[in-house]
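Novice: Produce the complete structure using the sequences and hints provided.
2 protein chains.
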Amino acid sequence: MAKFERHIFICTNQRPEGHPRGCCNQSGDGDLQRQFKMKLAQHGIAGSTVRANKAGCLDQCELGPTVVVYPDAVWYGHVTAADIDEIIESHIIGGRPVERLIIPDSLLNNTQQKVSADK
Amino acid sequence: MAKFERHIFICTNQRPEGHPRGCCNQSGDGDLQRQFKMKLAQHGIAGSTVRANKAGCLDQCELGPTVVVYPDAVWYGHVTAADIDEIIESHIIGGRPVERLIIPDSLLNNTQQKVSADK
Chain Y
1 MAKFERHIFI CTNQRPEGHP RGCCNQSGDG DLQRQFKMKL AQHGIAGSTV
51 RANKAGCLDQ CELGPTVVVY PDAVWYGHVT AADIDEIIES HIIGGRPVER
101 LIIPDSLLNN TQQKVSADK
Chain P
120 MAKFERHIFI CTNQRPEGHP RGCCNQSGDG DLQRQFKMKL AQHGIAGSTV
170 RANKAGCLDQ CELGPTVVVY PDAVWYGHVT AADIDEIIES HIIGGRPVER
220 LIIPDSLLNN TQQKVSADK
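Same order as they appear, the protein sequences are chains Y and P.
If you read the first sequence in my numbering, its first letter stands for residue 1, the second for the next number, and so on.
If you read the second sequence in my numbering, its first letter stands for residue 120, the second for the next number, and so on.
It should be emphasised that the hints constitute simulated quantities derived from the structure, not laboratory data.
A portion of the hints provided could be inaccurate.
Label-pair distances were calculated between CB atoms; the ranges are [unchecked claim]:
| no. | chain 1 | residue 1 | chain 2 | residue 2 | range |
| --- | --- | --- | --- | --- | --- |
| 1 | P | His-162 | Y | Ser-106 | 21 to 29 Å |
| 2 | Y | Ala-82 | P | Gln-145 | 36 to 44 Å |
| 3 | P | Glu-205 | Y | Asp-31 | 33 to 41 Å |
Residues from chain P shown here face chain Y by an in silico Cβ test under 7 Å; the list is partial [to be verified]:
| no. | residue |
| --- | --- |
| 4 | Met-120 |
| 5 | Ala-121 |
| 6 | Lys-173 |
| 7 | Ala-174 |
| 8 | Gly-213 |
| 9 | Pro-223 |
| 10 | Asp-224 |
| 11 | Leu-227 |
Please read all numbers here as calculations on a predicted model, not as lab measurements.
For each residue, glycine too, the CB sits at the ideal point set by N, CA and C.
Specialist: Here you go:
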């Protein structure tokens with residue numbers, strides 16, 4: 001077949017409550033990734049074209065829950081389930097990234113509280 | 120700062136022994152990802168430039184252990200710890216993907232035994 005046209009990585013790393021870096025998956029159940037997967041299916045997007053993939057720590061925890069879409073290398077921060085339809089419809093289908101959720105390059109890998117606990 | 124220059128996703132999904140699709144992480148300890156991370160550090164590559172990231176199932180299990188490097192979208196199959204230095208030195212540092220390990224597009228998302236058990 002071919003590479004994925006878009007490969008969506010959703011951070012499912014869990015940190016203890018109150019961790020200084022925050023946590024992308026406070027409940028620990030990876031629900032955001034499951035919802036992305038379900039919504040892609042609802043939009044009729046086959047798994048061999050676009051994949052919503054679980055990821056370990058993406059290392060932008062303070063901005064989480066974080067999602068990165070490749071090969072575009074578009075980073076989204078503070079993503080909730082309510083944002084998924086817009087990301088799929090505007091970005092994945094329409095090719096227009098959702099500006100209001102984008103983490104600017106100036107904030108990527110630029111956090112002050114990094115600790116060595118990332119998994 | 121900036122986006123990662125290269126973001127390496129290493130499948131750490133574990134399936135039961137004897138699963139028809141095989142498994143990228145038979146021991147379940149995610150050792151390949153840890154070794155990538157350690158080797159990047161040994162090569163003096165900072166975490167904010169290149170990241171060796173745990174990934175959930177990348178869905179190319181029959182070709183595993185699988186690794187995908189973005190934004191290049193270069194897929195590697197049957198990767199072992201013995202291949203890590205070459206991937207880092209040739210591809211990550213030198214910009215020349217390791218041809219002998221590349222999964223051709225014709226094999227990606229083209230397996231016969233896909234089952235719904237991917238996580």
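Novice: Now tell me, hint by hint, if it's right for this structure.
Specialist: Status of the hints after comparison with the structure:
no., hint, in the structure
1, His-162(P) x Ser-106(Y): 21 to 29 Å, "27 Å, holds"
2, Ala-82(Y) x Gln-145(P): 36 to 44 Å, "39 Å, holds"
3, Glu-205(P) x Asp-31(Y): 33 to 41 Å, "38 Å, holds"
4, Met-120, "4 Å, holds"
5, Ala-121, "5 Å, holds"
6, Lys-173, "3 Å, holds"
7, Ala-174, "6 Å, holds"
8, Gly-213, "20 Å, violated"
9, Pro-223, "10 Å, violated"
10, Asp-224, "5 Å, holds"
11, Leu-227, "6 Å, holds"
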